[in-house]
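So you can see what is in the structure, the chains are spelled out below.
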Amino acid sequence: MKLIFRPYSKTSFGLSLGLTVFYLSLLVIIPLSALFFKSATLGVSGLWEVFSENRIQQALYLSFGAGGVAAVINLFVGFLFAWVLVRYDFPGKKILDSLVDLPFTLPTAVAGIALTTIYAPNGFIGKYLTPYGIKIAYTPIGIVIALVFIGFPFVVRTVQPILEDLPKELEESAYCLGASRFQTFTKVILPELIPSLLAGTSMAFARGIGEYGSVVFISGNLPGKTEILPLLIVTKLEQYEYAKATGIAVLMLVLSFTIMFGINYLQNRASRRLG
Amino acid sequence: MKAKSNHSILRSIAKGIGALALISIFSFSAFAEDTLLNVSFDPTRELYEEINKKFVESWKKKSGKDLTIQQSHGGSGKQARAVIDGLEADVVTLALAYDIDSIVSNSGSVSKDWEKAFPNHSTPYYSTIVFLVRKGNPKAIKDWDDVVKPGIGVITPNPKTSGGARWNYLAAWGFAKKQYKTEEKAIEFVKNLYKNTSVLDTGARGSTTTFVQRGIGDVLLAWENEAELALSESRKANGGVAQFEVVYPSTSILAETPVAIVEKVAAKKGTTEVAKAYLDFLYTKEGQEIIAKHFFRPNDAAILKANVAKFPKLQLFDVRTIEGSWAAAHKKHFADGGLFDSIYGEAKK
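Chains A and B are the protein sequences, given in the same order.
FYI, the numbering for the first sequence is 1 to 275, going by full-length UniProt numbering.
FYI, the numbering for the second sequence is 1 to 349, going by full-length UniProt numbering.
Hints were generated in silico from the structure; no laboratory data involved.
Take the hints with a grain of salt, since some may be wrong.
Claimed, not checked - Keeping only pairs whose Cα atoms sit at most 25 Å apart, straight-line, the calculated PhoX-like set for lysine-lysine is:
1. B:Lys-185 x B:Lys-195
2. B:Lys-195 x A:Lys-225
3. B:Lys-195 x A:Lys-135
Model the full structure from these sequences, guided by the hints.
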């Protein structure tokens with residue numbers, strides 16, 4: 001133990017750890033355990049009833065499915081953004097760079113309304129798609145678009161610094177040793193980036209599952225078709241069924257924690273392999 | 001080293017608790033006797049702005065005291081939940097009796113017989129559900145029967161999340177029950193209604209946006225005052241010519257929007273008297289006129305008659321006569337596994 005503390009022992013580890021634990025319990029641990037206690041009032045059979053409800057299962061597939069698809073799209077889109085922002089200089093780069101953060105700062109409801117306005121059948125883009133029978137707003141596609149919007153800064157902002165720190169010499173030596181461009185990319189650059197790509201994608205995924213504000217506007221909220229899990233929580237609250245609402249929340253929490261844990265494991269293994 | 005760090009954790013926790021205690025002491029001093037908080041639902045925002053202004057004046061005349069009235073608006077159920085969770089409302093003016101009933105059963109801060117505290121089931125104004133259709137009424141929607149015809153796009157919010165949507169649902173249900181007599185036929189009717197929906201917004205205002213701004217659907221089931229508001233907005237935006245028309249069905253529901261004093265909070269804050277005077281004010285001539293101005297139907301027969309152009313006569317039925325009580329209606333239709341769940345489940349399969 002001592003070995004770990006020593007390098008920073010002059011900077012009062014005790015006080016800062018104390019504050020960290022205190023705030024973490026005040027903001028995260030105590031509220032989350034309250035969640036579990038509240039849902040525990042349902043009992044095992046009550047919880048099972050919540051999970052086996054048809055509407056909840058369908059919303060579960062939709063939330064995790066759309067969240068997953070959006071996360072994969074974000075993986076590529078976010079990577080492309082980071083790549084362009086780091087590797088090239090062009091006029092307006094600073095502005096583009098700051099625009100990436102917009103989904104973080106914008107109230108998500110505003111994003112939802114704006115996206116719905118554009119993609120609704122009479123909207124700016126929607127009206128050109130409707131004649132071909134393509135519907136975006138009020139379908140799962142709309143949900144995916146909203147989730148891509150709110151999620152892509154996560155990938156950009158986690159990959160960007162790693163890409164910036166990548167020494168130029170790595171690529172140069174690969175080139176000198178006769179690697180093609182494609183080989184340099186897949187064998188030299190990509191392995192370095194995989195841990196941060198995974199981290200960013202998993203954050204975008206996590207954010208997507210729980211997203212409410214932007215999705216309720218564009219989804220149309222049809223039970224069994226475009227109804228997301230967070231909406232069901234609100235529905236239960238609206239009926240004063242606090243325990244059932246927290247039951248769904250616990251289900252989401254456990255599932256996302258399991259997935260996050262899995263991704264973290266993969267990420268660790270990926271970075272360890274690099275040594 | 002380890003012992004020292006443990007000690008620091010305790011010390012820092014103690015510091016944090018001290019800070020919290022300080023904050024809470026400051027917030028206690030915020031109480032004052034001359035403020036009133038009215039927790040209400042969404043469409044009444046403009047109405048209460050005017051009511052409050054007038055009431056503050058008349059209260060000043062009567063008692064010589066200054067009064068500030070604070071307003072809080074949101075979805076009716078959400079507002080009720082905030083009161084249950086401790087939002088210190090002196091009065092609640094909500095969209096359905098069921099929401100006040102649930103404050104009674106979940107927190108007990110409103111007395112059980114609140115409905116008898118003021119005239120007319122404690123409802124100073126009411127509304128009803130009407131249809132908003134596109135200009136010229138291209139689909140010729142005249143009554144409830146036309147709404148359920150195949151191919152008609154219906155916009156209504158989700159009864160699970162919206163108080164207004166529950167009124168829409170019960171209006172259709174009441175019509176079908178009267179028209180077709182049997183329960184099976186009524187279920188069939190409501191099923192057809194929801195077959196025609198392609199968007200279920202979470203609240204009444206959201207549905208209005210979907211219909212008006214997004215141009216989706218042929219008919220919007222809406223509160224009378226919400227429909228009138230959409231009309232006047234559309235007139236403003238299009239140089240005096242509205243893009244919509246209001247259609248009054250042959251019969252609709254009596255949508256009672258009740259009020260109540262939150263006794264426990266009022267007693268604690270010493271505002272019981274002014275809270276009662278405030279709600280009484282809604283029943284006065286002056287109050288009723290403001291209410292009519294904002295498209296809610298006033299109780300006062302004379303004022304209603306004077307505004308007959310605004311409020312065409314139509315047959316209204318009470319939810320109590322079709323389902324007995326709000327609690328019974330809720331349990332039968334909107335609770336989990338209730339009729340709405342089964343209707344929707346099948347309608348979409």
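Verification of the supplied hints:
| no. | hint | result |
| --- | --- | --- |
| 1 | B:Lys-185 x B:Lys-195 | holds (15 Å) |
| 2 | B:Lys-195 x A:Lys-225 | holds (13 Å) |
| 3 | B:Lys-195 x A:Lys-135 | holds (18 Å) |
Of the numbered hints stated above, none is contradicted by the structure.
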